[in-house]
Amino acid sequence: MNKLKAIAFIIFFCTMHIFARCQNMDPKTEEPTDFMRSDGKIYVVVAVVVTIVTGIFIYLINLDRKIKKLEKDQYK
Amino acid sequence: MNLQTRMPAIPAWLQMQKNNMLRKSWWKILSFVLLIYTCIMGFLVQIPVLDGRMQQSVRNLFFHVPMWFCMQTLFTVSVIYAILYLRSQKPLHDHYALEFARTGIVFGVLGLITGAIWANYQWGKPWSGDPKQNGAAIALLIYFAYFVLRGSVTDTDKRARISAVYNIFAYAMLFPTIWILPRLTESLHPGGLGSEGNPGLNPNDTSPQMEMVFLPAIIGWILLGVWITTLRIRLRILIDKKLGYE
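Chains as they are written, first to last, in the working numbering: chain S, 13 to 88; chain Y, 3 to 248.
These are computed hints drawn from the structure, not numbers from a lab. Where is the CB? At the ideal position from N, CA and C, for every residue including glycine. Be careful, since some hints might not be right.
Pairs of lysine to aspartate or glutamate residues, derived as EDC-like cross-links and limited to a Cα-Cα distance of at most 20 Å, are as follows [what the hints assert, rightly or not]:
1) Y:K243 - S:D85
2) Y:K26 - S:E83
3) Y:K30 - S:E83
4) Y:K92 - Y:D242
5) S:K81 - Y:D242
6) S:K80 - Y:D242
7) Y:K243 - S:D51
8) Y:K30 - S:D85
9) Y:K244 - S:E83
10) Y:K26 - S:D85
11) Y:K244 - S:D51
12) S:K88 - Y:D242
13) Y:K244 - Y:D157
14) S:K84 - Y:D242
15) Y:K244 - S:D76
16) Y:K160 - Y:D53
17) Y:K243 - Y:D157
18) Y:K26 - S:D76
19) Y:K92 - Y:D157
20) Y:K92 - Y:E188
Each pair of labels, with its calculated beta carbon distance range [what the hints assert, rightly or not]:
21) S:V62 - Y:K244: 23 to 29 Å
22) S:D46 - Y:S130: 16 to 22 Å
23) Y:L183 - S:T66: 25 to 31 Å
24) Y:Q57 - S:S50: 16 to 22 Å
Only some residues are given here: those of chain S computed to face chain Y with a beta carbon under 10 Å [stated by the list, open to error]:
25) D46
26) V58
27) V62
28) I64
29) T66
30) I68
31) L75
32) L82
33) E83
Next up, chain S with everything else stripped away, as it sits in the complex (with noise of 0.2 Å):
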């Protein structure tokens, strides 16, 4: 299972820079065509954000199931 959660997950980040081609800027007058440039590109950092705070969470939450396993262990 783990192997496959690895597996989808190089899957998953193979195909990112496919978002990222797939949208662009207006050459000529460096306007923004799509979402994640309008604003100054403020959603960039937004996206950069968020990412780092579900990255932490994640980490946080697979420490909190590791460490209540052991507290299961111990009482056994």
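Put chain Y on the given structure of chain S with help from the hints.
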């Protein structure tokens, strides 16, 4: 309910775990939701135009300021457990006091660093000896000494008792250093009262829309701090059990 009818002989420890706030998950989910809301709305919410004074950097209100709220909360919980330890002599209370102080320091340091970054662009340099900066640094140094003190006593009972007493002293010092003294003098912090002192943030600089992000931000960051602390406490309890103290 269902679980109990299916398994009549539910062990006492499991019962204890189920009632234990540390291991409940609803507030962890709440913390995640609030912080994601903060991180999205923190960038998108309309901010007031303050004669171009702070511009977009006023959004640090949702990230820098909650660090201090979180630190203050964690230190408060820590001192409560220190007092409880002095009354009960239970090692568990000492663990609580220690770990809450530890996470509190982490948030305090983060507050200082983020404050220095902000100050670099707002006041010209990262450290201008602002009374609030100095006060916060002194308060943190006093808390660092808490760990030095702990490290210097080898006997566990004695360490717990001495550090509980010191914890109360350190907490008492928080008030002059970050609450009272910086307010008595002029500060670069936008208090809006000039030479009359300042509360750290000017109520006129915020808008109701910003408050709607600020409050969830405070709660979210505090809950995150509490979560990290509880993980460390649980780890410490496990280590103790393994070593056979309890």
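Hints, verified against the model:
| no. | hint | in the structure |
| --- | --- | --- |
| 1 | Y:K243 - S:D85 | holds, 12 Å |
| 2 | Y:K26 - S:E83 | holds, 14 Å |
| 3 | Y:K30 - S:E83 | holds, 19 Å |
| 4 | Y:K92 - Y:D242 | holds, 13 Å |
| 5 | S:K81 - Y:D242 | holds, 16 Å |
| 6 | S:K80 - Y:D242 | holds, 15 Å |
| 7 | Y:K243 - S:D51 | violated, 55 Å |
| 8 | Y:K30 - S:D85 | violated, 23 Å |
| 9 | Y:K244 - S:E83 | holds, 11 Å |
| 10 | Y:K26 - S:D85 | holds, 19 Å |
| 11 | Y:K244 - S:D51 | violated, 55 Å |
| 12 | S:K88 - Y:D242 | holds, 16 Å |
| 13 | Y:K244 - Y:D157 | holds, 19 Å |
| 14 | S:K84 - Y:D242 | holds, 15 Å |
| 15 | Y:K244 - S:D76 | holds, 19 Å |
| 16 | Y:K160 - Y:D53 | violated, 57 Å |
| 17 | Y:K243 - Y:D157 | holds, 18 Å |
| 18 | Y:K26 - S:D76 | holds, 11 Å |
| 19 | Y:K92 - Y:D157 | holds, 15 Å |
| 20 | Y:K92 - Y:E188 | violated, 45 Å |
| 21 | S:V62 - Y:K244: 23 to 29 Å | violated, 38 Å |
| 22 | S:D46 - Y:S130: 16 to 22 Å | violated, 42 Å |
| 23 | Y:L183 - S:T66: 25 to 31 Å | violated, 39 Å |
| 24 | Y:Q57 - S:S50: 16 to 22 Å | holds, 19 Å |
| 25 | D46 | violated, 17 Å |
| 26 | V58 | holds, 5 Å |
| 27 | V62 | holds, 5 Å |
| 28 | I64 | holds, 8 Å |
| 29 | T66 | holds, 7 Å |
| 30 | I68 | holds, 8 Å |
| 31 | L75 | holds, 6 Å |
| 32 | L82 | holds, 5 Å |
| 33 | E83 | holds, 7 Å |
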